[in-house]
Structure formats: C-alpha cells, structure tokens
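**Student:** Sequence:
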Amino acid sequence: YHEALNKNVYAQYTIAFDKRDELRDFLNEKGIPTAIHYPIPLHKQPAFLSDDCCPKAEHAANRVLSLPMSPYLTQQEQDEVVGAIDAFLDVNVE
47 YHEALNKNVY
57 AQYTIAFDKR
67 DELRDFLNEK
77 GIPTAIHYPI
87 PLHKQPAFLS
97 DDCCPKAEHA
107 ANRVLSLPMS
117 PYLTQQEQDE
127 VVGAIDAFLD
137 VNVE
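Sequential numbering from 47 applies to the sequence shown in the numbering used here.
Hints listed in this document are in silico derivations from the structure and should not be mistaken for laboratory results.
One should not assume that every hint holds.
Calculated cross-link-like contacts (lysine to any residue; reagent style SDA-like; alpha-carbon spacing at most 25 Å) [what the hints assert, rightly or not]:
no.	residue 1	residue 2
1	Lys102	His89
2	Lys65	Tyr118
3	Lys76	Val139
4	Lys76	Glu123
5	Lys102	Gln121
6	Lys76	Glu104
7	Lys76	Asp132
8	Lys76	Ser116
9	Lys53	Asn138
10	Lys102	Gln58
11	Lys76	Phe134
12	Lys65	Leu111
13	Lys90	Thr80
14	Lys102	Ile61
15	Lys90	Ala106
16	Lys65	Ala93
17	Lys76	Val110
18	Lys65	Gln91
19	Lys53	His83
20	Lys102	Ile82
21	Lys102	Lys76
22	Lys53	Val139
23	Lys76	Val137
24	Lys76	Arg66
25	Lys90	Phe72
26	Lys65	Val139
27	Lys76	Gln124
28	Lys65	Tyr84
29	Lys65	His48
30	Lys65	Thr80
31	Lys102	His83
32	Lys65	Val128
33	Lys76	Pro117
34	Lys65	Glu123
35	Lys102	Arg70
36	Lys90	Ile78
37	Lys65	Lys53
Here are the in silico distance ranges between beta carbons for each label pair [as the list claims (entries may be wrong)]:
no.	residue 1	residue 2	range
38	Glu104	Glu49	27 to 37 Å
39	His48	Leu135	36 to 46 Å
40	Thr120	Asp98	15 to 25 Å
We put the CB at the ideal spot given by N, CA and C, even for glycine.
Please construct the entire structure, taking both the sequences and the accompanying hints into account.
**Tutor:** Written as structure tokens, this is what we have:
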C-alpha cells in the first residue's frame, strides 16, 4: 500500500437496502440508472460452486444496489439522485 498511489476510480457507489427492487424500480421511473453488480454470491458462481451455505453473502446479494457514480456527475445530477431516494424513503420506510 502506497498512500501517494491511492486514488479513487469512481467506479461504483453501492448501497444495501432491504427494499432494493422497489427502490430500483422507483429510480428507474425517475430516469435514474442503477445496477446490481453482484446478484449471485461467489459460492453460487460456476467457478466456485459449493453446497456450502453462506447466508450473509446471499443476504447481501439480495440487497445491494449501485447508484450512478462518475467523476463527471454534476451537482444537479447528484441532487436528483438524493432527492429521489429521499422521496422513496418518505413513503416506504416505517
């Protein structure tokens, strides 16, 4: 590890949320793209297929959602993403 070489690549900003699919649909309706980069845990991938139970990996795979991320994302675009998530949370969190 070299501090001087440590740079952020701004590749992903991933959150974990129990109502991931509902949030993804809501953001999509607002024109905000999202991605689910790791929908299948490693122990269920062909290269690592195992009968082992990995409940935490499975739980995470069902909750992760990557939000728009780029060094070129404008402040307005960031505000739109945050505003849309706030709007979703206002009506979907007890």
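**Student:** Decide, hint by hint, whether the structure agrees.
**Tutor:** Taking the hints in turn, this is what the structure says about them:
no., hint, in the structure
1, Lys102 <-> His89, "holds, 11 Å"
2, Lys65 <-> Tyr118, "violated, 28 Å"
3, Lys76 <-> Val139, "holds, 19 Å"
4, Lys76 <-> Glu123, "holds, 12 Å"
5, Lys102 <-> Gln121, "violated, 35 Å"
6, Lys76 <-> Glu104, "violated, 28 Å"
7, Lys76 <-> Asp132, "holds, 13 Å"
8, Lys76 <-> Ser116, "holds, 19 Å"
9, Lys53 <-> Asn138, "violated, 36 Å"
10, Lys102 <-> Gln58, "holds, 21 Å"
11, Lys76 <-> Phe134, "holds, 11 Å"
12, Lys65 <-> Leu111, "holds, 10 Å"
13, Lys90 <-> Thr80, "holds, 23 Å"
14, Lys102 <-> Ile61, "holds, 15 Å"
15, Lys90 <-> Ala106, "holds, 13 Å"
16, Lys65 <-> Ala93, "violated, 29 Å"
17, Lys76 <-> Val110, "holds, 19 Å"
18, Lys65 <-> Gln91, "holds, 24 Å"
19, Lys53 <-> His83, "holds, 21 Å"
20, Lys102 <-> Ile82, "holds, 17 Å"
21, Lys102 <-> Lys76, "violated, 31 Å"
22, Lys53 <-> Val139, "violated, 35 Å"
23, Lys76 <-> Val137, "holds, 15 Å"
24, Lys76 <-> Arg66, "holds, 15 Å"
25, Lys90 <-> Phe72, "violated, 29 Å"
26, Lys65 <-> Val139, "holds, 9 Å"
27, Lys76 <-> Gln124, "holds, 13 Å"
28, Lys65 <-> Tyr84, "holds, 16 Å"
29, Lys65 <-> His48, "violated, 38 Å"
30, Lys65 <-> Thr80, "holds, 14 Å"
31, Lys102 <-> His83, "holds, 17 Å"
32, Lys65 <-> Val128, "holds, 16 Å"
33, Lys76 <-> Pro117, "holds, 21 Å"
34, Lys65 <-> Glu123, "holds, 23 Å"
35, Lys102 <-> Arg70, "holds, 21 Å"
36, Lys90 <-> Ile78, "violated, 30 Å"
37, Lys65 <-> Lys53, "violated, 32 Å"
38, Glu104 <-> Glu49: 27 to 37 Å, "holds, 36 Å"
39, His48 <-> Leu135: 36 to 46 Å, "holds, 39 Å"
40, Thr120 <-> Asp98: 15 to 25 Å, "violated, 44 Å"
Of the numbered hints given earlier, the model fails hints 2, 5, 6, 9, 16, 21, 22, 25, 29, 36, 37 and 40; all others are met.
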